[in-house]
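Chains as they are written, first to last, in our numbering: chain A, 1 to 123; chain B, 124 to 521.
Everything labelled a hint here was simulated from the structure, so no lab data went into it. A hint or two may mislead.
[To be verified] Pairs of lysine-lysine residues, derived as DSBU-like cross-links and limited to a Cα-Cα distance of at most 30 Å, are as follows: (1) 273(B) <-> 184(B); (2) 44(A) <-> 110(A); (3) 273(B) <-> 84(A); (4) 275(B) <-> 110(A); (5) 275(B) <-> 44(A).
[As the list claims (entries may be wrong)] Computed beta-carbon distance windows for the label pairs: (6) 269(B) <-> 96(A): 18 to 28 Å; (7) 1(A) <-> 160(B): 35 to 45 Å; (8) 480(B) <-> 83(A): 49 to 59 Å; (9) 109(A) <-> 288(B): 18 to 28 Å; (10) 80(A) <-> 282(B): 34 to 44 Å; (11) 160(B) <-> 83(A): 48 to 58 Å.
All values derive from a computational prediction rather than experimental measurement. Where a beta carbon is used, it is the ideal one built from N, C-alpha and C, also for glycine.
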Amino acid sequence: MARSLMSVHGADSDFDPANGKFGGYASAQEAEAAMAATGLFNQKLVDEGHFVFAGGLRSASTATVVDATGDKTAFTDGPYLESKEWIGGFWIIEAPDLDVALELAAEASKACGGAVEVRPFAG
Amino acid sequence: MIEDVFREEWPRVVASLARRFGDLDLAEEAAGEAFLSAVTGWRDQLPPNPGGWLMTTATRKAIDWLRRESQREAKQAESLLRQAEPEPAHVIEDDQLRLIFTCCHPALAPEARLALTLRLVAGLTVEEIARALFSSEAAVGQRITRAKAKIKAAHIPFTVPERLDERLPDVLAVVYLTFNEGYLAGSGPALRTDLSEAAVRLARLLHAQLPDELEVTGLLALLLLTDARRAARVDETGALVTLDRQARTAWDRALLGEGHALVRACVRANRPGPYQLQAAINAVHTSAPRFSDTDWHALASLYDQLYALEPTPVVALNRAVVTAEIHGAQVALADVEALHLPDYHAYHATRAELLRRLGRTDDARDAYTRAIELARNPAEIHYLTRRSWEMASTKGSP
Numbered sequence: 001m002a003r004s005l006m007s008v009h010g011a012d013s014d015f016d017p018a019n020g021k022f023g024g025y026a027s028a029q030e031a032e033a034a035m036a037a038t039g040l041f042n043q044k045l046v047d048e049g050h051f052v053f054a055g056g057l058r059s060a061s062t063a064t065v066v067d068a069t070g071d072k073t074a075f076t077d078g079p080y081l082e083s084k085e086w087i088g089g090f091w092i093i094e095a096p097d098l099d100v101a102l103e104l105a106a107e108a109s110k111a112c113g114g115a116v117e118v119r120p121f122a123g
Numbered sequence: 124m125i126e127d128v129f130r131e132e133w134p135r136v137v138a139s140l141a142r143r144f145g146d147l148d149l150a151e152e153a154a155g156e157a158f159l160s161a162v163t164g165w166r167d168q169l170p171p172n173p174g175g176w177l178m179t180t181a182t183r184k185a186i187d188w189l190r191r192e193s194q195r196e197a198k199q200a201e202s203l204l205r206q207a208e209p210e211p212a213h214v215i216e217d218d219q220l221r222l223i224f225t226c227c228h229p230a231l232a233p234e235a236r237l238a239l240t241l242r243l244v245a246g247l248t249v250e251e252i253a254r255a256l257f258s259s260e261a262a263v264g265q266r267i268t269r270a271k272a273k274i275k276a277a278h279i280p281f282t283v284p285e286r287l288d289e290r291l292p293d294v295l296a297v298v299y300l301t302f303n304e305g306y307l308a309g310s311g312p313a314l315r316t317d318l319s320e321a322a323v324r325l326a327r328l329l330h331a332q333l334p335d336e337l338e339v340t341g342l343l344a345l346l347l348l349t350d351a352r353r354a355a356r357v358d359e360t361g362a363l364v365t366l367d368r369q370a371r372t373a374w375d376r377a378l379l380g381e382g383h384a385l386v387r388a389c390v391r392a393n394r395p396g397p398y399q400l401q402a403a404i405n406a407v408h409t410s411a412p413r414f415s416d417t418d419w420h421a422l423a424s425l426y427d428q429l430y431a432l433e434p435t436p437v438v439a440l441n442r443a444v445v446t447a448e449i450h451g452a453q454v455a456l457a458d459v460e461a462l463h464l465p466d467y468h469a470y471h472a473t474r475a476e477l478l479r480r481l482g483r484t485d486d487a488r489d490a491y492t493r494a495i496e497l498a499r500n501p502a503e504i505h506y507l508t509r510r511s512w513e514m515a516s517t518k519g520s521p
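Here chain B stands alone, though its shape is the one from the complex (with noise of 0.2 Å):
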């Protein structure tokens, strides 16, 4: 309950702090401390207002922050603490929009760029982030504090940038990073939901400020059609479960209905980007209500316009999969063949797969092996291994 109140809460916070102090060191440091003493003032008890309290509490708390710090700023901070009315909500929203671009800002690192938007906006702890990301502590709360620094040296400005166009893809890849890493990263599956759903908040607040841009339309479907499959992607015995077999009745409906309505709106307006094709194909994907009613020319067709703004050898695995089921697994396992990708896991899990069709049991086996080695993902791992062992055993049987 509280928790929820924190999560929403927490960018709206930061980011008004930001923009009124100029300071972002200031504005974590103050909604930290702010959301400390609502944890132990609130109790079972929410205040009227949560949104509100909190907001007024970090004020206070940067203003006495500001005092301690200098006499002379503590003047400017009475006069803040005067201005300190509730803001218009459209400030607030437009608030939390330029600290997205703020931290997504090209001039900062990559990684830098997806710890200080995990800390800064969706609210994870430094502990939190360092356990998601395979990380210690220590380095990304010294790459957070970096990239802060930077920002304040080299004048990062807090602003929604004038050419969305050339920013927009840094943030919406940060937000599929954080999903990403959220989906198929390691470890327990408490922390997994952590970061898909850091994730969906994040595209779902970008959609909310800007619902004109398609491909933030199409970023948010595509993360809301993944995740409403989560339930069923991994069995009771903790191994990954693939499409073909997964219970579709376990599906989130809501999500998946939220979803579809969100590709319809691309498909109308067309004018397709990657993440509207991923996200459409997701939509064909959840559509069939068996897997043996999939539409595969539909799919055959969202992966060509996929590949044709995306030439990726990853794009073209993916397609082959659907190869496999229109044209046969031997078109299939020559189109594969044909990639260089000798370090992707999923290169030899797919390759194992078409193998094992073929029959050919002695090349699908080494093909597993390889991408046992590479896969990072214990449910994957798991059921790699499970898939090489019911083809070992099946040979040895009459």
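So here's chain A without its partners, still in its complex pose (with noise of 0.2 Å):
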């Protein structure tokens, strides 16, 4: 069994739906029918043996990036890198290989409604 990272990427936006921002999608109903049909495939991923962690993040304007690799540590608001595409989840998946990965990613990505990136652990 390997270990991967299936992490999914997009417009970043906050899950406010009072301020009409529903998370990168588009109305209400399509962030509940995705989060629905994530539940179901996270349940899924536990039923078959393949989860070992799944979240979902808050906005990429949350992120504090820390370095400590000068004299002093530097903290820095705001995400690593500069895009117009942010991680908003992941998963951390088990698979007997990349066929099987590449299968549960597929599947990801028709429930999270976003395109699925797979890259396997080092080790």
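Take the two lone chains and join them into the complex the hints point to.
And the structure:
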């Protein structure tokens, strides 16, 4: 079994329906449907023994970059890279080979409504 | 002689080592060393069982390499050495199929699939691949190294996929691209032959393993029927010879016979796909004793079927050539001019030909000029240039 990261990238948006922000989705209904489908998919991962961890992330604007490689530790507001697309959530899965991982990623993409990047862990 | 044995045995040895040792790098290295030993060791005398000799030698080389790498793995290597008896033929054939699917995996970039397949399955050297693909050795080498590293790190499996239908088109595309690079790429004729032959070998290997996959049968037929005309395609001045002017006696009868039989098998199965239809189109062309005997209505029907499956402007362009023979150049020109292929040399060449037939000499010359600017293949450039020039001199004569 090999461990992989499956990450979802997309336009950054908070989930704040009152202010017309639906976490990158077009409407509250669309966001709810994706949440429900993702919940079912997560349960499948658990049932079939692929699940290690999964989670959605807050907006990239809430990120803080910490750099302690110099003499003084530096704290910087905002994400590490300037981009139009950000990581919005991720899974860590176990799969015997890439074909299985890619099939799971296809299901994940359908469920959450975004493109999914599959990347193996080292070791 | 030795070269034929190498071409035949290379994918068997690499594929078998890749499965037994689970490492493509090791498989390639060890196979390479074994083949090098054969070059110096055999001289002009082939051993009684060259394939077995190469497999055993490559297995020993792989184990030696493992011993040098790690003492722990040396123990496993010893047990492998004891098991290194000849494998049953069907296991080795399965290994080759697995190797092709691994090399053509959709998680690899298309150009990496091509380079990797040519190296590991077709047995071309990095230098040969670089020359054939108009790339540098460094770039091709890096592409192959990176692809092998990804196969290892991302755990791309060494298996024939369960969903064969989904993955087979990727494999066939690599074989077809290899053939086309060989058939229409630039540079000297020897290089082209290398790639075309590699593609035919790959198609034969696939067909032997997947005899019920009709698109595989269709692809093999298409390559054989195209390859059969190779000797007639270029004249002694190096210019392309179009189908209407080819010496049909120079076509390879054996390849045509084999190709026609495969097309008949496809027609009987009656589940047409794009490669089968292209093969059938080539079968119609090569069944006509003379160009004037060509069954244009059969071709029109086949192009309609192909267009229904693949509604691309390139298919429509080829169909227009048939339309010209049935309904005349005026109708065909209208079809061609409705297409949007501004950067495709064949679009301008076809348009030029139709304009020439309609006596629109100035327009035709402009179209030939554009086609020549866009063409890459020297034989085609030569042909188009002469065609344009012929027309100019006809105009000047009384």
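Exercise for the section: List in ascending order the numbers of the hints, as given earlier, that are violated by the structure. Expected result: none
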